[in-house]
Amino acid sequence: MQVNLPNKPTLNEAEVVETKVMTGESVLQLLSDDSFLLSWSGLYQSCPWATVFQSHEYVSVWYQVYHRQHLPIMVKEETGGRLTGLLTLAKDVKELGITAAGGWNAYYHAWLVADYGDNRFIKNALSLVRQKFPGQKITFKYIPPQTPLGWLVGDTYWSRRHVIRPFLRPVMDFSAPDVGKLFSKKQFRECRNRLNRLGSLTYEQITEYDAFVSVLDELADQYDFRKAVTLNKTPFRKNLQKKEFLLALFKQNILHVTVLRVNGHIAASLVATEGKNKWLHGAGINTHSPLYGKYSPGYLIMVMLGQHLYGKGYQAFDLTPGGHEYKERLANTHDQLYELCITSQWDALSTRLYYDYLKEGSKSMFSGAGINLKHVKHSIDKKLKLGKEKLKLARHGSIGALAERGSGDESSIVFRIEPAKIDAADSAPVKVNSLCDLLGFDAGGGAITRWEFLKESVQRFENGEQAYTLVKDGCLVACVWRLPEMKHSGKERTCLPNGAVMLDGVYCHADSQKALPVFIAAVATQLPNHGSPLYLRVGDTDKTIRTALEQAGFAVESVLRDN
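Residues 1 to 563 (the UniProt record's numbering) are what the sequence shown spells out, left to right.
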């Protein structure tokens, strides 16, 4: 993409140049200096490679929210009393060490200068930071295009103390003549039509603060659920300040929030970042409800956002790097980014050897055999992480439960539930399809890890099943799934009356077995055929659950053998 650069400013070499490093409270105090912020804005606007993640609006919010976890570091250069260079950093960011303010939240890391043909500022700034924090690596994750990096090669000192890696960024360029083809692809039309058949499909941009507040909890649950299934991580639950950060950015008019609704329910959302020069960066959060996962609502909302931006005169939709296949399908161009690490000579040499020879050599060898090394590594990592989770369960006394679950016996017992005999006064507060409840799963004393439980939950949602849950003090006490009628196996149809509703996949926390009968009874009162017999299928190996149901008086309707 072609970008017009502003005229290069000239600086008077006779003017006094002062470069200063500040940390902690000194940085926070400077953020309340209106004169400094005005100078920062001018420097940001004139610097051709600057992104919104280097603006004072973004950096100030991040510092104010996260300064207790990450020490603010700022290097500023003044020439004749004018701000001519600025580098905003933070210390102790996981995996990055010292890095640009914003850490992993800021997709692009860079510095600002007035004379962008002069590399003295960045070299001086890095030297001062290394002196103040000896032995610390400095990482810039995804340096944006046009940022000058020639000094890394031309200067002997820095050429020996850096590691740089290239990355391609997929972009939806709205100035390209063929951009309309992105909005008329067959997959897009099919996804939209399938969702339309479910009912009212609406796309909307959220522009009011109160409206954003009203949906943020649900978006956070969807995001954590997706990340828990794919990576076994829950970003919002682990980082309790993430919501505060997003709300503060929204107040600064930095966020661009859109949601896709089906019959009023949020099927997908995108929280992107407004950039300079009519760019929108997709570096926020993107979510979808697993209830609609098989309809690809995440892909659909990205295309619909592209259409919206194109109609509003945006220059580009930055899909951000990451190697995701769906981003490649949406992109019509790419540009070059770099990751830069400043470190010791030895670390730089050993890291280069790893990337240039070991990793690239392995990649070439596997590619020649038709094997995607990235997919292999991802699969191995997931198995290792799951193995660690299983080991934790075994250490907490779940060996017997694990052995039962892995026995391979798929026989099951069908219990009959009669709602007419249930005392409604004993009803428990049951929710339907609550992602928040499912995320409260605690594996303690059980036979299944949270990762396995949530992955199984996604599969059940995709099969059209409905989740009924009970939570106490934020912990999932019990869960059961209602099967759609068409999902009953042939064996079940032969022993059950027509129109029978089957419950399956019952879970009860090890410390709450006594609550199971009350929970099942409460679920029965919420089902549409209230008053008719219902059925609950329990695996033959789930002895604890079987015993609890039998002691509560639930009658066995039939036994289904796996032979």
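Mixed in with the good hints there might be a few duds.
[Unchecked claim] Derived DSS-like pairs: lysine-lysine, alpha-carbon spacing no greater than 30 angstroms straight-line:
1) LYS243 x LYS514
2) LYS242 x LYS327
3) LYS94 x LYS238
4) LYS251 x LYS227
[Stated by the list, open to error] Label-pair ranges, simulated between beta-carbon atoms:
5) SER26 x GLU462: 16 to 26 angstroms
6) TYR326 x SER26: 19 to 29 angstroms
7) LEU353 x ASP33: 38 to 48 angstroms
8) ASN196 x GLY24: 38 to 48 angstroms
Honestly, the hints are just simulated from the structure, not real lab data.
Owing to the predicted nature of the structure, the values given are computational and were not obtained by experimental measurement.
C-beta atoms are modelled at their ideal positions from N, C-alpha and C, and glycine is treated no differently.
Hey, LYS242 versus LYS327, does the alpha-carbon distance stay inside 30 angstroms? Between LYS242 and LYS327 the Cα gap is close to 25 angstroms, so the pair holds against 30 angstroms.
Within 38 to 48 angstroms: is that where the Cβ-Cβ distance between ASN196 and GLY24 falls? About 54 angstroms separates the Cβ atoms of ASN196 and GLY24, which means 38 to 48 angstroms is violated.
Please test the hint of 38 to 48 angstroms on the beta carbon pair from LEU353 and ASP33. 46 angstroms, holds
Given the hint that LYS243 pairs with LYS514, does the C-alpha gap stay at or below 30 angstroms? 36 angstroms, violated
Given the range 16 to 26 angstroms, decide if the beta-carbon distance of SER26 to GLU462 lies inside it. Violated, since SER26 and GLU462 (Cβ atoms, about 53 angstroms apart) do not stay within the stated range.
Whether the CB-CB distance between TYR326 and SER26 falls inside 19 to 29 angstroms: Violated, at about 44 angstroms.
Does LYS227 lie within 30 angstroms of LYS251 when you go C-alpha to C-alpha? It holds: about 26 angstroms lies between the C-alpha atoms, which stays within 30 angstroms.
Does the structure keep LYS94 and LYS238 at a Cα separation of 30 angstroms or less? 13 angstroms, holds
In this structure, the hints that do not hold are numbers 1, 5, 6, 8, in rising order.
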